[in-house]
Every structure is written in structure tokens, then in C-alpha cells.
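Student: Chains as they are written, first to last, in UniProt numbering: chain A, 1 to 797; chain B, 1 to 797.
To be clear, the hints were calculated from the coordinates, so they are not data collected in a lab.
Hints should not be assumed to be uniformly reliable.
All copies of an identical chain are treated as equivalent in the list; a pair is satisfied when it fits inside any one copy or across any two copies.
What the hints assert, rightly or not - Heads up, simulated DSS-like pairs for lysine-lysine below, C-alpha to C-alpha not over 25 Å straight-line:
#1 Lys-342 / Lys-681
#2 Lys-690 / Lys-342
#3 Lys-342 / Lys-695
#4 Lys-690 / Lys-242
#5 Lys-177 / Lys-342
#6 Lys-270 / Lys-681
#7 Lys-144 / Lys-649
#8 Lys-316 / Lys-690
#9 Lys-421 / Lys-434
#10 Lys-177 / Lys-374
Predicted model only: the values in this text are computed from it and were never measured.
Number of protein chains: 2
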Amino acid sequence: MATLADIGVSALINILTSFAFLLAFALLRIQPINDRVYFPKWYISGGRSSPRGTRNFVGKFVNLNFKTYLTFLNWMPQALRMSESEIITHAGLDSAAFLRIYTLGIKIFVPVTVVALLILIPVNVSSGTLFFLRKELVVSNIDKLSISNVPPKSTRFFVHIGLEYLFTAWICFLLYKEYDNVASMRLAFFASQRRRVEQFTVVVRNIPHISGHSISETVDSFFQTNHPNHYIGHQGVYNANKFAKLVRRRERLQNWLDYYQLKFDRHPDKKRPTVNTGFLGLLGRKVDAIEYYKQVIKDLDTLMISERQRVIKDSKSVLPVAFLSFDSRWGASVCAQTQQSKNPTLWLTDWAPEPRDVYWRNLAIPFVSLTIRKFVITALVFALIFFYMIPIAFVQSLANLEGLERVAPFLRTVIELKFIKSFLQGFLPGLALKIFLYILPTVLMIMSKIEGYIALSTLERKTASKYYYFMLVNVFLGSIITGTAFEQLHAFLHQSATQIPRTIGVSIPMKATFFMTYIMVDGWAGIAGEILRLKPLVIYHLKNMFLVKTDRDRGKAMDPGSVDFPETIPSLQLYFLLGIVYAVVTPLLLPFIVVFFAFAYLVYRHQIINVYNQQYESAAAFWPHVHSRIIASLIISQLLLLGLLSTKKAAKSTPLLVILPALTYVFHVYCRSRFEPAFRKYPLEEAMSKDLLEKSTEPDLNIKAYLADAYLHPIFRSFEVEEEELVEVRVDKHETRAASPPLMSEHSSPSASHHHHHHHIEEPSPPHYNDYPTSPPSYYYHEPSHLHYGYHYQVEP
Amino acid sequence: MATLADIGVSALINILTSFAFLLAFALLRIQPINDRVYFPKWYISGGRSSPRGTRNFVGKFVNLNFKTYLTFLNWMPQALRMSESEIITHAGLDSAAFLRIYTLGIKIFVPVTVVALLILIPVNVSSGTLFFLRKELVVSNIDKLSISNVPPKSTRFFVHIGLEYLFTAWICFLLYKEYDNVASMRLAFFASQRRRVEQFTVVVRNIPHISGHSISETVDSFFQTNHPNHYIGHQGVYNANKFAKLVRRRERLQNWLDYYQLKFDRHPDKKRPTVNTGFLGLLGRKVDAIEYYKQVIKDLDTLMISERQRVIKDSKSVLPVAFLSFDSRWGASVCAQTQQSKNPTLWLTDWAPEPRDVYWRNLAIPFVSLTIRKFVITALVFALIFFYMIPIAFVQSLANLEGLERVAPFLRTVIELKFIKSFLQGFLPGLALKIFLYILPTVLMIMSKIEGYIALSTLERKTASKYYYFMLVNVFLGSIITGTAFEQLHAFLHQSATQIPRTIGVSIPMKATFFMTYIMVDGWAGIAGEILRLKPLVIYHLKNMFLVKTDRDRGKAMDPGSVDFPETIPSLQLYFLLGIVYAVVTPLLLPFIVVFFAFAYLVYRHQIINVYNQQYESAAAFWPHVHSRIIASLIISQLLLLGLLSTKKAAKSTPLLVILPALTYVFHVYCRSRFEPAFRKYPLEEAMSKDLLEKSTEPDLNIKAYLADAYLHPIFRSFEVEEEELVEVRVDKHETRAASPPLMSEHSSPSASHHHHHHHIEEPSPPHYNDYPTSPPSYYYHEPSHLHYGYHYQVEP
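If we strip away everything but chain A, and leave its shape as in the complex, we get (with noise of 0.2 Å):
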């Protein structure tokens, strides 16, 4: 147990080590030669084609001008500057939506800290039971702040149960307006957008296979059938998923070309580079390096065309899957909204996401398997949070000193020197622990992936639900209740409803010590470490000394981020399930809370106007989550604190308590049924008024052009990108393009001529992406590694 000193110390520490990195980040931020790593937002944007200061060529690398120096927390209030439509214009909605969990953070913890402080520190203080305790109990001055001073049967626990009355009241008051003021954000970004064609598109998944009938045959009769007055034609989806592969592969090749190239350019004088063959470069015959991969990448662009000319050919590569343009929202809605077929597990409509956040490998799943899917995933999630430890244990008891020993007996020398002893002793068994935890949210994302979601911005959703459970369970119970995550199982599957709470209740005052450590490194420091990016600074720099040849090089080897969803939002709403699980029991936990919102809030707003550039936007359709977590967090500390209140034998003041539960799960319901609507469908009042606008305004818009290509699948992109080598590749798919039928119904023809033509002069972006003004299209399947080829479009011209 710590005292209060003891927490100071280690708040000491973790200040200062936020301070050395605020420090640094402040220092690099200002030298030009780090400006793509600090401000890659600005460049994407078009705001900086350049570093800004010094033009002479030590001042495009180091900061000359010392007057900077003065300034370097400038940072600050420059991020707090810009206002929140500008916010929206700048980043997306998503982005400022982020922002409005920090502050709606803030603007529940102030209040709440100050009021429970006032009043619960002095109602704690003068109980005092635990004075005469001290020899009996091993407790902490903190302990004589927080409610486990409070004497069994006292009357005061009446205050504490008025304060989470209060408390609850106000958190629901603020998270119903909060609720309220997204939605409404959420519909007016969707009403003061231009055109987006995902307005205009719906997916429609499990098309039946009628026999004699291609897909595009069957949804085009389909459809004309069913919404005569509105559908205008669909763009079809292939399974192209080998052909990624080799896209993947190809780009990896390219990247080691490009390497020898400029190695060799750099030093013409030396010896051409050579390479092995075989095995990871490591084995077999050596080769000159750059003929070796240009006659690789040579034979791969052959094998890609053939296996691209066999997607399009083949027709068990068209997938049942199809994108429906529409010709007004009104159409659109209302075929996403409705049932189509007799069938209910036919022709299902939705909306389709935003091309950029298709994740087109997906939409080969077909529909019988994601039920199983779902519950193969749910199962292993179950096991992954109750069982982890298990593997991890058994890799432990692997990685010991004597079997490193083993396996490298060269080592042994080194090993057995005692400081490096002592400290691999140390260092070992954590190991495994630490990798896992690293690995954790991507081994999250792929089983949501596995699932079968068709959305990036629905696969984050997920993970960072999983994610959220993991934590719940893992961090929060595991930490109150010892034991791993299994014995906790075993011991909740063998105690009864009303007892779980009430060992829970039991051990949250006294672990308030350990959160608050917690809270300063994970949320403190972590969030100082957040702002420096220390790995993207060093990948940038090793890009840049070993690949970067021209200025669009440089751009590829930006590598913005963006708001890590799935990780950030479950750790966000940790910290408010302490914040609310404490605010009654311990309150002096709730100043680090409000202190790590207050510089989480200053950071992430510097980041998203600097850093981040979001892959895709969704228009806030996380909140319910955080909304309902929230509630979540609310419903566990009533029940935590009235099984807490149980073991202090306050018969008299509990079961006021009881209703409050209750109480905040009708609130739930109620905002669930006012608000969540807004972010699930969208209403044809709005659909039918942004149709008439547009055509008051637009008369002579041709919606068939404008939608032709905008889901058109990545296949057809891949390869102009490499616009000098590949002429013979465009030719040959002009000719593949004009021998299958164009993907687009008959009566959308005209269209489909306009976007060959449009293809072939190689203008550098498709017209509509001028709809996205703040950040650039990435059409390729979403890998991380994809993404720069979304940059050409922009950069180059």
C-alpha cells in the first residue's frame, strides 16, 4: 500500500519523464529536416510543399533561427486555436467527434472532482475508524480519504449514495446533450457535404445464382424490376484477392529495386550490388542485384496480367456481391432501408461505405458462413480474454535462461556475466507478456476481420469493442480482484449474483493507489510518448537515407497515421470507468483523471491538425459506443458500490441505491431509441431535401457519369500507376474491357465510354475525389503499405 508521499514521488517522476518528452518533441518539431514527420497533415493537404525557414543548406536541415527555440511550447495554444468546423474541414467529423470524448471527459470530471472532494474528503476524514486500526490493518493515508474510513452502519454512507445519485444525474445530463449535439453534427456534416457517392450507393450482398444468367444480368433485371424509377446500373466486385498477392509482392520487389538502384547511384565508382538467390537472400547463387529484380519484376507483371485477364474472363470470379447506383438519395435510402426478396437471406441492401473504406476482401465471404464465422470469433474472444495466460505461461516456462543457454551455446559466455544475468532474469518472462500485449489489438483486428465486416471503419468498431472487453476484464477486474482471468471465471461461475459485487466492492478502495500509477504512466507518460512519435520519426529518416530519390519519394515516405481507434477508444473508456467507479469511493483518484483528459484532449488536438490523416470517414458512427460504455461504466460502479455499502452493513441506506440501476438502463433505452437512428439510417426527409436542392441548383448533372467508376473495383487502378512501363498493359486492357461487357448495366453505356475515356488520357485523380477536399483517395486494398500509391494522384502533378 502507498502513502501519499509515495504517490507523489511517482507523480514526480512520471511529470518529469512527460516533461523530457514534451521536451524533445518540442526540439525535433522545429528542425526542418523533421517537418514531414511533425506536420505530414499540412503536406497531404496542400498547406507546406516544403519545409518552411532558412533556405541554405544547413537551415534545411537544422533550426537556425534560435528565436524558435524560445517559443517551443507554442504548440499548445496553437493546437486549442483552431475552432471545430474548422476542425471538420480540416480532418473529417470523425476526427473532431474524437476530440468531443476528451472534452466531455473534462466536462464531467471538473464538477465532479471538485464536488466530491469538498464534500466526501471532509465526511471520510472525521469518521476515522481506520486511526485505531493502524496496527491491524496495513493502511495508507489514502485509505483515510476514501469511503473505507467510513465505520460499518454509519449514516454517512447516506452522503455517498446522494453523491452517485448526483453524479449519475449529471453524467446522464451531459452524455444526453453530448448524444444530441453528435447526431445533430453527424446530419449536418451529411447535409453540408457536396455530392459523396456513397449518398448514391448501396451494396447489395448474397445475389441468388440464377443458372443461364450472369450476376450483372441478375441484378440489373432485379433491380429494374423492383426500383424502377431510381436505379441507373451497378458496378460488379471480383474476386481479385490473388491478384492482390501479387500486387503486395510486387510493390515489396519494386521497393528492394529501388533500393540497389539509388545504393549503386549514390556510389557509381564501387562495384554493382549483388544478391543471393535463395532462401531470404541468404542462400544460393549470387547475382548483380538491380538486373536480378527488374527481370523479377519483369516476369511477375507478365504473371499479373495473365491472372488479371483470368479475373476478368473467368466468371466464377465475379462475386455475388454488387455496388447499386441510384439516381437521387431518396432511391438510394429507400433500397437500403428496405427488404428485398422473400427470402430474407437474399439480396441484402446496405449502405454502401465509402470507397475509401471498402475492405474489399471481404466481399468474397459468402453470407452462409458469417453466421458461423461470428460465433467461431465470439467464442475464441471469450477464450483470448479468460485464457491468454495459459500460452503465455507455457512460452515463459520455455524462455529461461537454460534454454537460451541451449539454443545458443556462443552466448553463454556473455549470459552468464552477472549484471546481464540478473537482468535477462529479470527481463525474460515478461517478455512474452509484453509481446503479446503489443500484438494484441492486431491479432484483434484480423479475427474482426475474419468475421467477415465489409467496412474499415466497422472492422475498428469491432476490434476496439473487443478490445474494450479485454480491458474491462483484464486490466480493471484483474487488477481489483487478484488472480488471472480464469480463476476469476471460476470463481464468478461458483458465486452467487448478489456475492460477485460484493467481493468486487470490496477491494476497489484499496487498489485506488495502484490506478493512480496506472493512470499517470499509461495515460501521462504515454500520451507524452504520443506526441514525440519516435518510431515514425526513425522509420522516416531510415526511408529517406535508403530509398527516397525524388520529392514524391519523400511524400511516400510520410507516414501521417491517423487516430488509432481501436486502441485509444477502449483506453479512453478506462479511464472513465475509473473516473466513475472511484469518484464516490476514493475521489482522490479523480484529479489524475481530469488531468489526463485535460493533456490527452491538448495532444490529440495538435496531432489530428498536424499529424493524422484519417483513411476513412465514417461521420462519428462510434459514439453510441462510447455512449453506451459509458452507461456501462455507470451500471458497474452502482452495483460495485452497492456491494461495497453491503460489507459495511448499511441496512438502512443501501436499497435506496437499488433503483439506480434500473433508473440508468431506462435512460439508456431512451436515448438509444431518440438518437441511435441518426447513426444507423438516414432519413428520406433529408434524402428527398438534398435531392430537390440539388436539382434547383444543378439542373443538368449527369449522376451516371458522376457515380461511373466510384466503386469500380482496385483491379482496374493497379496498374496506372506505373504509367512509363506499362503502355502495352493498358492497351491490352483496353482491348479486355471492350471484349467483356462493360460492368455497368446497358443503359449506363454512355457513362462507361466517359470513364474509359477518362482512364486513358491519365488524368491524375478521378474528378469526384475533389469531393473529399481533405485527404487524398487511397483505392487500393487497404494495406498500410498501399497507401502511397493513393498519394501519386496528389503529389505528382
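With chain A's structure known, arrange chain B on it following the hints.
Tutor: Using the frame of chain A, we list chain B on its own:
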């Protein structure tokens, strides 16, 4: 504990009772005087207008054809003769689907019974632990045939687990097939039906109030904007609940008038009947009854006219609810399935129930209160299920002999008789409980009405679901674990999640004999009582004696009743639960279940063909509930078996069972996504093909005229029944409707005038009701006493 012989005696008694009922029924039904009690459906459908049989005076009342007495059991083969499709035409899809629940029961339990008896009885008997334990435990022969007889740690439990898997697979297979069948029957029913008004009608609730505009204007402008191609008009809804009360009062008075009139007419020589005007006809001045009632009714008519005018003129009595008419099924389908407004609590659209099915009174409930109402009722139902014993125990403590003597001293001498005293002492305490159980369905129906559902079919489904929970907790669990439901609840809250199934599982085999008796009393004899129709028989003859003047009155006196879904479906589900739970535990219970299903199937088939007259048609909307409750029974049975086996220390075999509930649940989720939309939504494909078909066969159908007064509020119909008396009212009504704007939107004025016309030439039945060939419309407030109004249209001409 009952032995096999005890059960045999009990079975004999119940079989004899049932036979006595059947015999009574067989004799009563062939008496012409009872013809309208046992064959009302044929009178309503027009198949009969007077009893068959000889035409002499005695023959009108008693069957003199003695040959028919010899074939008195021929109703059984007769009941089986009608095919399912004929039943659908004759009695509607609801009735046909209801019968399918029984065939499903037979299909499930006949093979299960055979397999379980053949395999399990030898397995259980030959283990024979209980033979040695006889002196320690009180066991019966039946226990020797059950799982209790298998010694702990036996490997024989693999047989039980294997059978549980086999039965689950078999039941899921049948459930899937049956869901598929019923879903396609539903769609075929919609497709085969001629035009139905509800296919073109959507109900919209929570219309916002826009100042300066009437509700009607707001509705028209909103839907003309947002559904421009299909919306053709709407019908407003009035808050006429007060008026409806007057109508009910008038009817009561009319009944009295008829009674006295008839009394006087039969004996015109006696002096005219008199009545007291005061409290309950006991106090006050004595006046001539006929004159008095005529005067009161006349006064009431004046009051009703002014109240009706107030309702029509007062804009406040127009409710924010309307029935929207569309020119096509497609348009209505789109409007019903989409979200209309930015604010998801406004402009809530949904399918309109069919006109007979609307529960008008609840249309007046404002939407905001619905969440609260649902919450309050849920809490009340919970309390009712778990604490209903408290008020009953209180009443019981009051209702003893001393209390009775104090209230009614004049009974003292009677009560003090020994025989009567002991009878009352045994009877009185149970009386409160009996009364409670008798009125329970009514109470639950009132609760559902308070929840605010606007269709009778929904109300009945919700009542059924409440009743099911009551039965599950108080009949099933309450019989297995002794003690009140409240004590159980307390025990469950203080037991761990793994302990609960164990506690219940252990007691299950011991309660088999109790449930066998229950099935015989409630199932066998109860069903035999159902076919006898004792209550309607008595009431019909009483009415016939005192009120009936004309044949038309005799038609009114008939009470065909209908399948009592809120009570029958939950009982059925209880039998499924019992059968599934005991299939593996005590297979000897299964034959009782099979007999119940077979017998009940025969009885209900007979009743549906000859007696019941459904008030509405929901097209088997209850099937998803039937399906999911059987799935719930499966999961309950698996968990209880798991609990039972875990007390048997069958550690080797028990883990095999853990996966089964999860698999069952996955099956349920799949079925829900596969079939449930067919019961909630109307696919556009279906709507469009019906529209196109209709357009080609009836190109000049006037759909506006067709829909004109389909959902006319009952307030406009109320007077037309009493043609002769109310000419002046009709004139007044004409003026009123000309003065207040017609309810249809302006571009429906031709149809509105058609509608006026149509009403004032007093056609006996609106033409579109011919679309319901099987049953007469009951336009009125759905109170049983008003159903007679409906007949007028059919019976009169």
C-alpha cells in the same frame, strides 16, 4: 411419491372424466336447440341459417332422429376431413398455423418417445442402484425407470448425453422445416389474397405539431414532399375514447329496454314492468321501465350527438396519428420500412394493422410515455411473477370463517353445520388463489394495453409472453423447487451460476409423477372441457330466453369465441418444455405428452372448423415466438441435464454436454436471420410483383375509392347501425363533414365525395370488406360487447 399403480388410477379417472365430457358434448351438439352454440362458425360464414333436422315443433329443440345418436363420435373423423388449405380459406392463416403447433408437437414427440422408451428404460432399469437403496430413500417404481436409477460415475450417462444430442438435432431439424413452412405459408397467404386495405396503408405516429397548421395539413405536406409518387392521402384519428364510453352505455341501456319490451310483449295482459331510478335499480322512484329507458336513451343520443360534434370540431381531439394511403403496395412498403425524419422519435411509420385488428384506444397514447410505460409494466410483471403470493396470502388470512360470520351474521347457523364448515375451511383459503389464476390473463391483457400497442394481435402476443413467464416460474420452476417464487428468487440470487442448474436438476426426476398428473388434469380433461363449451352454452340459452326477439338477435346472442392465444399458446409451450426436459430424464412422461398433443389437435381442429370465429388475421405473426420458446426449452433442458449430471459425478461424460447449448443458440440466431424478416417486413419484390399483376388485370381500378374509408374512425360508423332512429343525425353529420375539411388530402377529393355518397345511400357493408370472406368485420372498439355490431352488415339483408 406415486407408484406406477397410482399413476394408473389417476390416468383412469382423468380418462373417464374426459370421456364423460366428450359424451356430453356428443349428445348436446346434435340437439338443434344448441346448433348455434356448437356450429356458430357456419352461421357466420353463411353456411347455415337454421338448424338442420326435422321441422316439427319438438324437432326444433330436441333431436328426434335416433340414428344420429349411434354415430355420436363421428365428429373426430369429420374434424380431420378438411384440408389445410381449406382451413386457411375457412378460418384464416392464424388458425391453420395454430394447428401446426400441435402437429409439430406430435412430429417431435412420437419418434422421441419411441426412441427414449426403447433405449433409456433398459439402460436405466438394468443399472439398478435404487433397488438397494429402497429403505433409505422413498422411491417409486417410476424412479427406477428414470435417470435416478443410474449409479453415480456410471459410463451409462454417455447414452443420455448422446440421446440429448440426437433429440436436439431432431427437434432443430423439425423446427427449421416448420419455420420455413410457416414463413412460406405466410407469404403465399399474402400473395393469394385479393387486395387488402392494410397492404396499401401505413400508420404514422408522433406527427409533430407545427403551429398554424392542422395535423392534416402537416401530414399532407410532409408525405407529398417525401413520397411524391405514391402517397395519395390519409385518414385522421380522433381521440374518441369518451364518446366510445357513451356508446357502451347506450348499448347497455338498449339491452335493458329490449328486455323489458320483450317481457311486456310476451305477457301484454300483465301490468307494464317498472323500474327504480336510483342506485343500481334498488332505490329511488318507481317508474314505467319501457318509457324510462326510451327517455334515457333519447337523452343519451342528444348527448352523443353533441359529443361527436365536439370531437370533430375540436382540433385538440385530432390525434398526432394518421393512416396513410398509398397507390401501390410498393409505396406503402417503402414508407413502412424507412425512417422518415431526422428526429427518429417523430414521424414513426409502420405497417397498419388490418382494420379489424386496430386497437383504437391506444392510438391516443403519446409516444414519449411509451418508454416509461414499458418500463413500469416490465417492473410490474416482474413483481407479479415473483411476489403474487403476498397479496393472496393477505387475502387468505382475512377470508376465514370468523371473518365471514362477522360480515354476514345471518349465515352463522348454516356455517356452523359440521359438513359445511369443514368444506368451507378447506375451500376458502384456496379461493383467493383460484380467483387470481382465473383473472390473471385478463390482468396481463390490461397490462399489455397499458404498454400501448396499437394492434389486438400484438396485444395478445405480448400477453401470451407475460403469461409464459408466469407459467415458467410459477408452474414449472415452482413445482420443481418447493417454496414461493419469491423464495426461489432469493435463493437464486444467493447461489452461484453453476449451482442453480444443479439445484433444479437434482429435483427434476422426483417431480415426474406430479407433472404426469398435471398433464392429465390440465391437458386431457381441460381440453375435453374446451369442446363442451359449457359457459357459452349457458349464456346463449339465457340470452335466448330473455333478450332474443328476432333471428337477428339470435345471431347477436351467439358467442363463437376464438382461439384464446394468450392462454393456449403459453400452456402449449409448457408442454413442449415438459416433454423436452423429461425426454432424457424420465421418458415415461412422454406418452402423456403425445396423447395430449394428439387429443388437443383433434379438439382444436373441430373447434376451428365449427366454432371459433377469429376477430382478426395476423397471418401467423406469433410463429417466431413459438419457435424461440421451443429453442429456450431446449437450452433449459440442456442446462438442467448438465446440472443433474454434475451431481452424479459423471466427470467423464458431462463436459461433452457443454457445447450443446452454444450450438443450439447458434442455430436459433441463424433461424432468426433466415426467417424472422418474413414476419416483420414485406419484401419489395413481393409488393412489386403484386402491383404489376394487378395493374395488368385491373387497369382501371380506382385505388383511392377503394381505400376511402377503410380506416375510417369508428366514430363515423357508430350511428349507422340504428337506421330508423337517426336520420337527423346523419343530416347533421353531412353538414359537419362538409364544414370541417374532408379528412383526405385535397387531391383525394373525388374519392372523398365518393365516400360521402357511398355512406349516405346506406350500403349495408362497405364494398372492400368482401375481401375478408371468412369473417365479418367488427369495426368497433374492440370490446366483446361491441362485436355484435359487426354482424349487422352480414346477417341483416
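Student: Give a verdict on every hint.
Tutor: Hints, one by one, checked against the model:
Taking identical chains as interchangeable, the C-alpha atoms of Lys-342 and Lys-681 lie at most 25 Å apart whether they share a chain (22 Å) or sit on different chains (10 Å). For a Cα distance limit of 25 Å, the shortest separation of Lys-690 from Lys-342 across copies, 13 Å, qualifies, whereas the shortest one inside one copy, 32 Å, does not. Proximity of Lys-342 and Lys-695 under a CA criterion of 25 Å is satisfied inter-copy only: 21 Å between copies versus 34 Å inside one chain copy. Proximity of Lys-690 and Lys-242 under a CA criterion of 25 Å is satisfied in neither setting, with 41 Å inside one chain copy and 44 Å between copies.
For the homomeric pair Lys-177 and Lys-342, the shortest alpha-carbon distance between copies (16 Å) is at most 25 Å, but the shortest distance inside one copy (41 Å) is not. In this assembly of identical chains, Lys-270 and Lys-681 lie within 25 Å of each other by CA distance neither inside one copy nor across copies; the values are 64 Å within and 75 Å between. Taking the closest pair of Cα atoms, Lys-144 and Lys-649 come within 25 Å of each other only inside a single copy of the chain (19 Å); across copies the shortest separation is 49 Å, beyond that limit. In this assembly of identical chains, Lys-316 and Lys-690 lie within 25 Å of each other by CA distance neither inside one copy nor across copies; the values are 39 Å within and 34 Å between.
Taking the shortest alpha-carbon separations for Lys-421 and Lys-434, only the intra-copy value of 19 Å comes in at or below 25 Å, while the best inter-copy value is 81 Å. For a Cα distance limit of 25 Å, the shortest separation of Lys-177 from Lys-374 across copies, 24 Å, qualifies, whereas the shortest one inside one copy, 34 Å, does not.
This entry does not satisfy hints 4, 6 and 8, going by the numbered hints stated previously.
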